[in-house]
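Student: What follows is each chain in one-letter form.
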Amino acid sequence: MVDQLSWKVGGQQGEGIEKPGDLFATALNRLGYYLYGYRHFSSRIKGGHTNNKIRVSTRPVRALSDDLDILVAFDQETIDLNAKELRKGGVILADARWNPRLPDGIENVRLIAVPFTAIAQEIGSALMKNMVAVGATVGLMDLPVEPFQEVVTELWGRKGTAVVEKNMQAIARGAEFVRQELGGPLEEFKLAPADGKKRLFMIGNEAIALGALTAGARFMAAYPITPASEIMEYLIKVLPKFGGTVIQTEDEIAAVTMAIGANYGGVRAFTASAGPGISLMTEAIGLAGMTETPVVIVDTQRGGPSTGLPTKQEHSDLNAAIYSTHGEIPKIVLAPSTVEECFYDMVEAFNLAEEYQVPVIVLTDLALALGKQTVEPLDYDRVEIRRGKYLGDTELPPRERLDLFKRYELTPDGISPRPIPGQKYGIHHVTGVEHNEVGRPSEGAANRKAQMDKRLRKLAHFRMKEPLRVYAPHAQPDVLFVGINSTEGVIREAIERLEREGVKANHIQIRQLHPFPADDVRPYVDAAEQVIVVEQNATAQLAHLIRLHVGAREKIHSILKYDGNPFLPKEITEQAKGLLKAKELI
Amino acid sequence: MVDQLSWKVGGQQGEGIEKPGDLFATALNRLGYYLYGYRHFSSRIKGGHTNNKIRVSTRPVRALSDDLDILVAFDQETIDLNAKELRKGGVILADARWNPRLPDGIENVRLIAVPFTAIAQEIGSALMKNMVAVGATVGLMDLPVEPFQEVVTELWGRKGTAVVEKNMQAIARGAEFVRQELGGPLEEFKLAPADGKKRLFMIGNEAIALGALTAGARFMAAYPITPASEIMEYLIKVLPKFGGTVIQTEDEIAAVTMAIGANYGGVRAFTASAGPGISLMTEAIGLAGMTETPVVIVDTQRGGPSTGLPTKQEHSDLNAAIYSTHGEIPKIVLAPSTVEECFYDMVEAFNLAEEYQVPVIVLTDLALALGKQTVEPLDYDRVEIRRGKYLGDTELPPRERLDLFKRYELTPDGISPRPIPGQKYGIHHVTGVEHNEVGRPSEGAANRKAQMDKRLRKLAHFRMKEPLRVYAPHAQPDVLFVGINSTEGVIREAIERLEREGVKANHIQIRQLHPFPADDVRPYVDAAEQVIVVEQNATAQLAHLIRLHVGAREKIHSILKYDGNPFLPKEITEQAKGLLKAKELI
Amino acid sequence: MDVKVSFKDFRNDVPPNWCPGCGDFAVLAAMQRAFANLGLRPEQVAVVSGIGCSGRISGYIHTYGFHGTHGRALALAQGLKIANRDLVVVAAGGDGDGYAIGLNHTIHAIRRNMDITYLVMDNQIYGLTKGQTSPRSAMGFQTKSTPKGSIEAPLSPLMMALAAGGTFVAQGFSSDVNQLVSIIEAGIKHRGFAFINVFSPCVTFNKVNTYDWFRERVVPVETIEGYDPHDRKLAMQKLMETDGMLTGIIYQDPDSVAYEDRIPGFRKEPLVRQPLKPSREDFEALVAEFV
Amino acid sequence: MDVKVSFKDFRNDVPPNWCPGCGDFAVLAAMQRAFANLGLRPEQVAVVSGIGCSGRISGYIHTYGFHGTHGRALALAQGLKIANRDLVVVAAGGDGDGYAIGLNHTIHAIRRNMDITYLVMDNQIYGLTKGQTSPRSAMGFQTKSTPKGSIEAPLSPLMMALAAGGTFVAQGFSSDVNQLVSIIEAGIKHRGFAFINVFSPCVTFNKVNTYDWFRERVVPVETIEGYDPHDRKLAMQKLMETDGMLTGIIYQDPDSVAYEDRIPGFRKEPLVRQPLKPSREDFEALVAEFV
Ligand SMILES: Cc1ncc(C[n+]2csc(CCOP(=O)(O)OP(=O)(O)O)c2C)c(N)n1
Ligand SMILES: Cc1ncc(C[n+]2csc(CCOP(=O)(O)OP(=O)(O)O)c2C)c(N)n1
Ligand code: SF4
Ligand code: SF4
Ligand SMILES: [Mg+2]
Ligand SMILES: [Mg+2]
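Residue numbers (the working numbering), protein chains in the order written: chain A, 25 to 610; chain B, 25 to 610; chain C, 50 to 340; chain D, 50 to 340.
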């Protein structure tokens, strides 16, 4: 019996290999296991290798495993590309049809040729080979078949019971074949029982979208792009039930600008994109900052620069998120680390956008955006709506006809009351040009300085409730790990291993990236002997932010990766060991 | 006799008040005086106060003076707004027609009501009141009339000698009137003789344009915007003589992308804009970086954010220039401090763009872009064309049909040979997607890392010839001033005053802003007791760059201004004194 | 409505910084009169404008106003309309704003057909940046950026609007304020996107396309016998024949359905008045999909 | 030319990653054949493409190729053409690329009329991003982004091109490669901007606008009696009558003058071959203006 296991299914893109992975994972999730998935795919529709790697565990997991226990292969290429990842004793389940073989140099791995296609055809259609493959896994892992019944029924129920039956038959036949092949169950593939609790199973993009909806966002304007499109696609499905809508715009400039227009109108609205689209929004972000119009912008980071690696993992938009747009505006940048945080941080993003009347950028990354994982129940009661000085629901006191509302009133906290169009006594003007308190263009030096100071004052002492996600068991650790976005799980896993070797390690994830929470970060940096910043980019953007805002240049080191693939625990462990050895800390 | 003097002419926008200022300054420039001008204007066509402040000196000047000696007023508003700037004993020359008067509280200033309009009408047309006003100045300063003859002839010669005559008559009559009014010349308005040398008199935008042309730029694509438009307007006039052309595009995205296309085709091409347009170029800059296509982009900074203060002075695009665009690309950012540097740095920008095959951003500011100043002769022989690994003029050796040229060859310095379309054996592919050595899309991890490293390697040790403009007479100064763009002259002037009070001050201007020349800056920072960074923005962008790259956070202070007006020497002197006093350095 | 509204209710105390004689004054006046004629109250209207001399209009009228970025007025306007469909949303800007940098939004807004009225103050030049060519400048037209004359074909905005599926396509002229008022009124009443190009001369930089120049050339549709503004093909044909100089309501689709009325699930009650946080039941139903 | 060129000279060794049956294969083949028929050599041609399934085309043809950013192929192509007017510059991309994000450049490139040929591979959907609506999708068309059907009017690219002053406006269909080859050839020979929309079905995501669907609807201009491709008004009229389904060369201005030939001072010798540094005399003359 094992308490965790790593499974991968691979084949040609566009051949529906998402299905078996989803089915397998959903069933296990319902049994109470924790799952963490990552899809490897390319920027093309049909053809080209794709795979889905899923980790299953009795405990929470938020990282891929270094190796693989089971590989389900729909073509020889899958074996050729992935066999080296298998642990000693790992198993390949491959379709017997194309005579699968082990590549040269791969040893200590068992290849079981299962007649995926043949069995499927016998049952009625070659298309069901996917189900046979799932069945083969079921057999290998000695799983019960019942949880699959439920999922299969949901998937094909509306096509009639016969179809459900056949699919279940395919699973059963696949399982049976492998069971016979093995002779009896293998302990090393048998998972310890899970707690049976029902948890959610979703991708970050769904959590982002659900967070937006729950925060009251009723309008999204967006232009399709990988890996952000699912946010818009989810909302297209559910928003109409809440009276809201999504517009697929002509480009990202229109998308963000429409979102700004809707926020000006009093509706929580947002957009989502990835690098190229975010770059196109640069000018509009300045408009939101200058006009103090709330707006939320999600950047699901992918491999850059330019079109770059559209389907790969990276965190190279940190600087752009913080510094992009000419001139100087107050802006908030958040960076959730987990799918749960995607949900809660989106809610917070809408609150902060309205409370501070600024653009809020939420950075995620491809692994977080598209990786499907087990998520603890989302807490409805934790969702709180705060609109700050929004006056849209207020009956404003009467005023003289031309006595315009002071939309940009110079207040001590820099935030001004905000009526919305349609309100009887709220008339004012809004402009991206420097303006006076009622929003009329004004270039006077004193007014300029006052308005600029007012805008920048809004975030001068900004700190969100929990700017860091903290794991800090040690008062004086050998090393502090600092991470962002989906590196959370893999850093934690590396830490577990390092701790086993006697290293004392603390860990913070930066949730509030800008304004940089220097006062929160500093004590952790000060306490640690060395600091290792883990990020997926080539120029160490996060490490530079720490150097800039916290200092301590000498003890800050970077572990970087920018080949498009997410970190594996061993990569961090090994590099950290090297660094700590050089410092004679191990 | 004085060796410097400050003159200002003001009136309503659109009423041609540029003329008298230009005429006055051109004539004095030809006499060998040094001039420095700044135009105060608004974002509207007709109406609204505008003025042109010009400093004249027998020595080089590159800053406005704190006060004013002579104010020429075409309306009462000009007096009301500017009289307080006049020094004790200063003179206002105003049109008698509207009964000019001194505002309350203004004393020790002399107002001379000159019948600008009446005299002009007598001569033939009220339009010539401008010339009468120039004449009034001539009278006050006791200037010779001859140099004006020359300029007037150039201006109106093609309208016939009668027109020239009349204009000269207007000048003479204005001069005569004032001479009579004064009784005799006033020593305090009489300039010491100049050296009589012929120097250039031009605005930064003209130097930028001329630099581009001299560097071989033959194509500019741009979209009008203040304060960049003059660059394109100058080239529209002169490029046809060199076979080149300017396209006014539909927007800035098209502008920069066309410039990239032309560079890909082997032609030196560029674009210029200000904040809003630069923000729109964000995505394309990434394309240039990723495809390693040279391109030069000029950002004539103005007041931000958003539409901001379109006609005002600021340096708030530093961060955007450095960090804008998603993902990570090699990029060079230059920042000339003087009109001469605008010229030479543009030449260098084109060289660097081709040598390193990267986008080069040249930052100027509104004061530099539009301020007209005396410029030492531009040295043709200093202009050197370096194209790096450009192969466009080479006969390439034959290769097999499908053996594509390695446009992205992994070379030790990261720079690859660059053929251009049309060359027989140079066929290759270019893409903003990650690619292999021949430019075909490739997402492989090893290739990705190799190409990313290659691109970033190009500028890993980059240093332009003179990354700083240095004035460092002291080995251990009390204070190091650091500036950027047009702050050069005003800082130097503040230093002169501080030195008179015993302060030892060094001064560096950052010409190479990115990659930041940390090794060059560090010794100056280390040597100084305190560091004062002078910049026109609200968030101390340059100071942050020094903190990030050089460290020394404790001794770095900022003098900031962001009300839209350029620094005056006294503002820097006073604030610096305050800082140095607090540190007990004076 | 108890008190009668007058166009004065839409005046404010900001003197426009346009040059004396600029065509934009008439557009401003026409808007004010049209709003009054329709009995609107200032707070019911939002004027969203672009950047240019023309773009300043949102600051000169007593309604809600948003002066955005160059070329993006329509994107702001559409977002605003979705947020609050009860508002009368009027977008306005120059020919550079709407046909150069913002042309993409113009065409897509036309396709989308939200209930918005869009006025382009077409002076065939860039005013605010001091006289460069615009996409409306004629071949050979000399400007600061084309001292030897423009070498690009001018756009035909009305034909373009028809080609984009426009449901209300009209053209006015600053000299004929009455006509313009009635066009704007009809545009606001139209159930969909009302596209109105207005010949609004720039007296400072455009010395060719002057009031007189237009006066000699415009062809009001009323002067064309048998003109039927519901006939799209005829509209296109007449536009080609008059080289785009038709004025009046050139085409209107009487069956136009506004975008807001086509959105699945979109309610009559404006979005801005819908509750924010979903009910616990709704939330739980949403979450249940992920188990 | 000593050796005869064949379309094989334009083939490379990259297997396209398009889905089997994708309409884009035919466009690729037609381009290759047209280049060969015109006797071009691979190095004389540059294919500049956008982002999308279609945008990949520049990587599948043996010529110079630039695969740019989404929607900006024409801006790159125009810059390139100015740099080297001797090159045959062909731009290509999808309907999202050219009519959504890139529409502004498309229209302005048409107005400008440089000697470039532009092919839009129009599958009425977004292929690469897996099936969202495009500006060419019909009302009611169901996609990932419009599960209840599109609610925006589809664009009419050919009418739009005519309204923008297009001098060569054509439409092809992936099923009729011969026609497409001859359109492309004519387009390249045309002295100006050749705008070619190609019905290029997406077999994976668009199950409505299939090969058969088009086959039943296209109207080759040759089948229209008395059709005159030099008559712009007739072209517009027929496009309206056939709902844009005309194929062939719909309009060509025989007197078209390319932009390059209108630029003041622009030489026949490509810009890329002009000297860089001005002569000392020229420099001094320039500088003298500032004394
Ligand atoms: C992104 C951007 N680019 C350029 C500008 C500069 N700019 C301001 S108004 C304008 C064009 C003005 O022409 P038009 O839209 O026709 O308006 P008009 O002034 O003629 O009314 C330009 C180019 C800007 N504000 N923003
Ligand atoms: C700025 C930007 N936004 C979005 C994308 C994502 N994207 C890639 S291709 C594409 C559209 C594809 O549709 P189309 O242009 O019709 O080409 P097709 O794939 O159908 O050939 C989109 C939205 C991108 N690459 N860049
Ligand atoms: S410049 Fe032209 S458009 Fe602008 S305000 Fe003056 S007349 Fe009107
Ligand atoms: S998805 Fe459609 S457009 Fe893309 S390659 Fe496949 S068939 Fe062609
Ligand atoms: Mg205009
Ligand atoms: Mg498409």
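For the record, the hints were derived by calculation from the structure and aren't laboratory data.
Just so you know, not all the hints are guaranteed correct.
[Claimed, not checked] With a Cα cut of at most 27 Å, we get these calculated DSSO-like pairs of lysine-lysine: (1) A:K112 / A:K214; (2) D:K326 / B:K489; (3) C:K282 / B:K183; (4) A:K70 / B:K473.
Student: So which of those numbered hints doesn't the model satisfy?
Tutor: 3
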